[in-house]
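Fit chain B to the known structure of chain A by using the hints.
Residue numbers (the numbering used here), protein chains in the order written: chain A, 1 to 292; chain B, 1 to 440.
Hint data in this document are derived by calculation from the structure and do not stem from the laboratory.
Incorrect hints may have been included.
Stated by the list, open to error - In the PhoX-like style, the derived pairs of lysine-lysine whose C-alpha atoms are separated by at most 20 Å in a straight line are: (1) K252(A) <-> K321(B); (2) K144(A) <-> K436(B); (3) K48(A) <-> K321(B); (4) K135(A) <-> K130(B); (5) K436(B) <-> K135(A); (6) K125(B) <-> K135(A).
On a predicted model such as this, the values are computed, not experimentally measured, just so you know.
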Amino acid sequence: MKKTIIIAIGLIFLSLTANAKEKLYVLNSESTGGSFNAQMTAYAEDLKQYYDVEYIQGRGCNKASAVIKNVVDKGEQVFYIWDGLRIADYLNGLNPLCGKLPNKNNFVNSVLKYGLFVTDSNGIKKEDIFKPGLKVGYNSNTNKTYLEALAKLHGVEWQLVQYEHSKSVILGVLNQEVEWAMINSASSYFQQSARLKALYTLNPKGESNIPPLAIVSKFSGADAGVADLFLLEGGDNLKLRKHVSEILSNPKSKTSIWYNTANVYTQTIDLNLTNGVERSMKEISHWVYNKK
Amino acid sequence: MLDHLWYIVPGILTGCIAGFMPGIGIFASMMMLVPFLHTLEPMELLTFYIALASTTQYIGSITATVFGLPGETSSLPAVKEGHEMYRSGSGSYAISGAAIGSFVGSILVVAFVSFFIQFLDDIYKIYNTKVMAITLIIVSVLICMTAENRLIAVSLSIVGYLLGLVGCRHIDDFCFATFNNDNLTTGLPLVSVICAIYVFPQLIKKFNWDNEVVKLENSFTVRHLKKYVKNIGAGLRGTVIGFFAGFTPGISTAVSSNLAYIIEKWWQTKIKKYKIGNYQSLVSAETANNAGAFSCLLPLVVFGLPLVPSEALLFEMLMSKGTVLGQNFTPSFFFNNLVFALLLTNLIALLIAWPLAKHICYLQKIPTTYFKIFVFALLLFSVFINGQNYFQETYNLAVFFLLLPVGYMLRNIDTLPLIFVFIIQSRLDVALITLKGLLW
Numbered sequence: 001m002k003k004t005i006i007i008a009i010g011l012i013f014l015s016l017t018a019n020a021k022e023k024l025y026v027l028n029s030e031s032t033g034g035s036f037n038a039q040m041t042a043y044a045e046d047l048k049q050y051y052d053v054e055y056i057q058g059r060g061c062n063k064a065s066a067v068i069k070n071v072v073d074k075g076e077q078v079f080y081i082w083d084g085l086r087i088a089d090y091l092n093g094l095n096p097l098c099g100k101l102p103n104k105n106n107f108v109n110s111v112l113k114y115g116l117f118v119t120d121s122n123g124i125k126k127e128d129i130f131k132p133g134l135k136v137g138y139n140s141n142t143n144k145t146y147l148e149a150l151a152k153l154h155g156v157e158w159q160l161v162q163y164e165h166s167k168s169v170i171l172g173v174l175n176q177e178v179e180w181a182m183i184n185s186a187s188s189y190f191q192q193s194a195r196l197k198a199l200y201t202l203n204p205k206g207e208s209n210i211p212p213l214a215i216v217s218k219f220s221g222a223d224a225g226v227a228d229l230f231l232l233e234g235g236d237n238l239k240l241r242k243h244v245s246e247i248l249s250n251p252k253s254k255t256s257i258w259y260n261t262a263n264v265y266t267q268t269i270d271l272n273l274t275n276g277v278e279r280s281m282k283e284i285s286h287w288v289y290n291k292k
Numbered sequence: 001m002l003d004h005l006w007y008i009v010p011g012i013l014t015g016c017i018a019g020f021m022p023g024i025g026i027f028a029s030m031m032m033l034v035p036f037l038h039t040l041e042p043m044e045l046l047t048f049y050i051a052l053a054s055t056t057q058y059i060g061s062i063t064a065t066v067f068g069l070p071g072e073t074s075s076l077p078a079v080k081e082g083h084e085m086y087r088s089g090s091g092s093y094a095i096s097g098a099a100i101g102s103f104v105g106s107i108l109v110v111a112f113v114s115f116f117i118q119f120l121d122d123i124y125k126i127y128n129t130k131v132m133a134i135t136l137i138i139v140s141v142l143i144c145m146t147a148e149n150r151l152i153a154v155s156l157s158i159v160g161y162l163l164g165l166v167g168c169r170h171i172d173d174f175c176f177a178t179f180n181n182d183n184l185t186t187g188l189p190l191v192s193v194i195c196a197i198y199v200f201p202q203l204i205k206k207f208n209w210d211n212e213v214v215k216l217e218n219s220f221t222v223r224h225l226k227k228y229v230k231n232i233g234a235g236l237r238g239t240v241i242g243f244f245a246g247f248t249p250g251i252s253t254a255v256s257s258n259l260a261y262i263i264e265k266w267w268q269t270k271i272k273k274y275k276i277g278n279y280q281s282l283v284s285a286e287t288a289n290n291a292g293a294f295s296c297l298l299p300l301v302v303f304g305l306p307l308v309p310s311e312a313l314l315f316e317m318l319m320s321k322g323t324v325l326g327q328n329f330t331p332s333f334f335f336n337n338l339v340f341a342l343l344l345t346n347l348i349a350l351l352i353a354w355p356l357a358k359h360i361c362y363l364q365k366i367p368t369t370y371f372k373i374f375v376f377a378l379l380l381f382s383v384f385i386n387g388q389n390y391f392q393e394t395y396n397l398a399v400f401f402l403l404l405p406v407g408y409m410l411r412n413i414d415t416l417p418l419i420f421v422f423i424i425q426s427r428l429d430v431a432l433i434t435l436k437g438l439l440w
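Looking at chain A on its own, in the form it has when it is part of the complex:
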């Protein structure tokens, strides 16, 4: 009897451990109210079929860096999203904690997106955007440097107005506080397309009938995209990359539906690991101004 009980307990233990999933922390490295949180909550849900997922809010790259370190020090793995412009900031000598560079040991995937110049539906004409003295809205340090360089090349001076995030930039445009503004992806524009007018996209191929900036400007950053990175620390990135690929190829997954609705992101999951890292870094390097 005693032997039977021990064997039964042993079998139960074995079956439990056999079914136990690996622990995976999923980290949103930026604010709680943005698209990064949306992408990671969708991934967290979809990844539950493969891992025992625990979700963490990082609330900014400084804190997120520390969380990643804490998780890895505990011997666990953490999957996180990292803003490509934060990496550019780091490479520009700002934010020393925000430089999470992709490599073949941590890279899982990236999404490419292109900035957009927008105005309100009755706003300025395309041909007028290089006039001097215009008020131009933006929402990140890298965009400020970009706009200053663009203005300099065209021999004009603009009054640059800083907003907190792309939603507040859009509100500034709608309220005609600025003549036009630069946003980091077209998603905010598409959500308000009835009230806004797109001027130019940084996508060299154009986007949804929006002409590329490169046709009117010889500025070297006229076709600059940006990559948001999905990285893994403390675990097997190739294994996770395979799961992410399955999730993205399933049209019914939460993550796929979100990207399809947003409609402005290009996935690099189909590239091999080395090309994925190189392509992502190529886009990020557009925003690095102190290249050595």
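Same frame as chain A, now just chain B:
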């Protein structure tokens, strides 16, 4: 066709928890329920959210009144006035007044918005940088000018601003007093600051209720309704102030209730009727937060602009279901979905909160020492749980304990100016930075 209305039930249940526990606001409770929320259809999710956001306002005032704990930042006035009423034996009036006021406020704003529905399309015009900056400055000045001792209020506001400044600012990456500590880069946790500097001083004030006089009131419904009707002016003032202040991005209901509160308190002082535990000030604040909760929702449903993190999460979750909120907004969508769900939720919340007020007096049978120990334990739990959401439990508790001596030193002073400026500091900074850019 109306099947989605069933999701009012889980929304109300979650709202009860979010409203009860400080630090577990609407956003945190939604994050905990993400797996469940992903199973809902878009209309069910929207209905759930409306029920959750409205119920937290009702339940938050009950927790604030009975335990002196603000479940939400909009419940700060209820901690001051409602809890004092509770201690002096008229807690049931505080709860019924807040509940009836919240209900009336909701009905009035729905009626108001329905009347002006054709103008909703232009609602974004309110979000003008100059309007936002001026509103926040006026509210801060009002908080100081209406205080009993203006010099102390101004000093506390400055301290609140400096505490709010700790951390790294998202808009320009400016970091203040972070001392290379990664936790400090995210700023001081709101729940730790409120619990240590606002709630703790209320808790250590001496009070002793007479356990012998605890008994249920007769003709409860009629007497409470009469008292509300007699003071309906405070509710109407709260509705108007709360509705417009609710458009403040990021901190809508906090601004609504606190602004309505300080104005009503100022008015009651002016007509020489104010004494701490003031019914009118409480009703005005509680009516305002429900009105504000509704106005905060409008930009989201009308043109897809989320103003607070919980709305952003809702917006993005709807996107993961293929729905973009705000596109193709029509009056029929507004009436069929939003209004019906909102009115039903408010009615159910009223029916929960009002009878509860009748029985709440039994809690006064608990000896005050045990009551205080229980509330302090609840404070610690709230601070800890909030920290757990962000992987920083120890940090949350450390900030709480480090600020406790400050709370003790300020126990005889109204710390609302400090807390309020702490809450609005980041919004104020953002508005001023953008304004500076616009004015050159």
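Status of the hints after comparison with the structure:
1. Using a Cα cut-off of 20 Å, the hinted pair K252(A) and K321(B) holds, with the two alpha carbons roughly 10 Å apart.
2. Of the supplied pair hints, the one linking K144(A) and K436(B) holds, its CA atoms being roughly 15 Å apart against a limit of 20 Å.
3. Proposed proximity of K48(A) and K321(B) is supported: the alpha carbons are some 18 Å apart, at most 20 Å.
4. A C-alpha spacing of about 15 Å is found between K135(A) and K130(B), which places the hinted pair at or below 20 Å, so the restraint holds.
5. Taking the CA atoms of K436(B) and K135(A), the gap is near 12 Å; set against the 20 Å cutoff, the hint holds.
6. Restraint check for K125(B) and K135(A): satisfied, since their Cα atoms lie roughly 18 Å apart, inside the 20 Å limit.
Every hint from the earlier list agrees with this structure, and none is contradicted.
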